Amino acid sequence: MAVTPERRNPGPSWGYSLVLFGLRVLPGWMVVFGEGFGALVALLLMTSQRRASRAYLQTVLPGRIGFKDQWKHFFAFTQYLIDRLRLGHGESFPIAFAEGYGDSFWPLAKGNDPVLYGTFHLGYSDLLGFLLSDVQQHIHMVRLKVDNSSDTENLGKQFGNISFVWVNDKENLVWAMKNALRDGNSLAMQCDRAEFSTKQGAFSFLGAKRIFPFTIYNLSSICRVPVIFAYAVRKANGEVECFHSVPFSPEGLSRKEVLLEGARHFQEVLNHVERLLKDYPYQWFNFCPMNDPLPSSDV
Numbered sequence: 001m002a003v004t005p006e007r008r009n010p011g012p013s014w015g016y017s018l019v020l021f022g023l024r025v026l027p028g029w030m031v032v033f034g035e036g037f038g039a040l041v042a043l044l045l046m047t048s049q050r051r052a053s054r055a056y057l058q059t060v061l062p063g064r065i066g067f068k069d070q071w072k073h074f075f076a077f078t079q080y081l082i083d084r085l086r087l088g089h090g091e092s093f094p095i096a097f098a099e100g101y102g103d104s105f106w107p108l109a110k111g112n113d114p115v116l117y118g119t120f121h122l123g124y125s126d127l128l129g130f131l132l133s134d135v136q137q138h139i140h141m142v143r144l145k146v147d148n149s150s151d152t153e154n155l156g157k158q159f160g161n162i163s164f165v166w167v168n169d170k171e172n173l174v175w176a177m178k179n180a181l182r183d184g185n186s187l188a189m190q191c192d193r194a195e196f197s198t199k200q201g202a203f204s205f206l207g208a209k210r211i212f213p214f215t216i217y218n219l220s221s222i223c224r225v226p227v228i229f230a231y232a233v234r235k236a237n238g239e240v241e242c243f244h245s246v247p248f249s250p251e252g253l254s255r256k257e258v259l260l261e262g263a264r265h266f267q268e269v270l271n272h273v274e275r276l277l278k279d280y281p282y283q284w285f286n287f288c289p290m291n292d293p294l295p296s297s298d299v
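The sequence shown begins at 1 in our numbering and counts up one residue at a time.
Bear in mind the hints are in silico, worked out from the structure with no lab data behind them.
Values in this document were obtained by computation on a predicted structure and should not be read as measured data.
Don't be surprised by glycine CBs; every beta carbon is placed ideally from N, CA and C.
You may find that some hints are simply not true.
DSS-like cross-link-like pairs, simulated, lysine-lysine; straight-line CA separation at most 27 angstroms [said to hold, decoys possible]:
no.: 1; residue 1: K256; residue 2: K235
no.: 2; residue 1: K110; residue 2: K209
no.: 3; residue 1: K178; residue 2: K256
no.: 4; residue 1: K68; residue 2: K256
no.: 5; residue 1: K256; residue 2: K199
no.: 6; residue 1: K199; residue 2: K235
no.: 7; residue 1: K178; residue 2: K72
no.: 8; residue 1: K256; residue 2: K72
no.: 9; residue 1: K110; residue 2: K68
no.: 10; residue 1: K235; residue 2: K68
no.: 11; residue 1: K235; residue 2: K278
no.: 12; residue 1: K199; residue 2: K209
Between beta-carbon pairs, the in silico distance windows are [as the list claims (entries may be wrong)]:
no.: 13; residue 1: H138; residue 2: I222; range: 27 to 37 angstroms
no.: 14; residue 1: S92; residue 2: R193; range: 21 to 31 angstroms
no.: 15; residue 1: E91; residue 2: A208; range: 20 to 30 angstroms
no.: 16; residue 1: K235; residue 2: Q200; range: 47 to 57 angstroms
no.: 17; residue 1: E274; residue 2: P247; range: 42 to 52 angstroms
no.: 18; residue 1: A98; residue 2: L260; range: 22 to 32 angstroms
no.: 19; residue 1: G184; residue 2: R64; range: 33 to 43 angstroms
no.: 20; residue 1: R182; residue 2: G34; range: 45 to 55 angstroms
no.: 21; residue 1: R193; residue 2: H272; range: 11 to 21 angstroms
no.: 22; residue 1: V41; residue 2: P62; range: 27 to 37 angstroms
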């Protein structure tokens, strides 16, 4: 079934082509200058995203949030977008698991059985399905299809073990995800925006009990598939460092127990993400209002 995009990325339709042209012809220092200038323009023009950035930064940075702090936030996201375009056109950049990570990730990723991969709009996490494409299973990435998504389409062409499940197709979304898992494929999904999820829960994150999607554990309970979260941040030297959660297995648990234990697992994941954001505060790329806090009467 054809999926009609409901949204589009900010900027003109020819924006990606112009950026790619600049990357081919401009020296490195001019590219960096362009990234900084582009971040400034976005900060000035994108008022709703600027408000969301300020609200988020106030939860992770001490003291008063200034214009420079918000520019750093937009600049980090601009760098990510440029690297995303580069990756989609055949370039690469250094990526590795942080010290002490990877040993429990690869046995799942290189096995023959399907896995549920969770992630967030954190740093380069959105690209992990592409960057860590050396996996055994075919991966279906759950994504929102937007009108000008040539960057996503180019990434899909670069990595043959990737295909997409579009959340825009709301009526068939759950059916498509279940079928992907039952056909022996893995599923990768972002678990920080609750707008497209019917299964939600309240978890402690950045100073409040906030609503998060819980679909990944519901799928685990139904299809008996393990869950692991992975996320990545860009270091100051340009390298991308990856982290992952302890794997969660539904083996031997009833569906109710999977959801209860899954909630504990997800809270531990969010605790880890919160600690990472203390070190990398400008790499939370949710330029939309913070997840709704649970009403105080329900806490």
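If any of the earlier hints don't hold here, list their numbers in rising order. 1, 2, 4, 6, 7, 8, 9, 13, 15, 16, 17, 19
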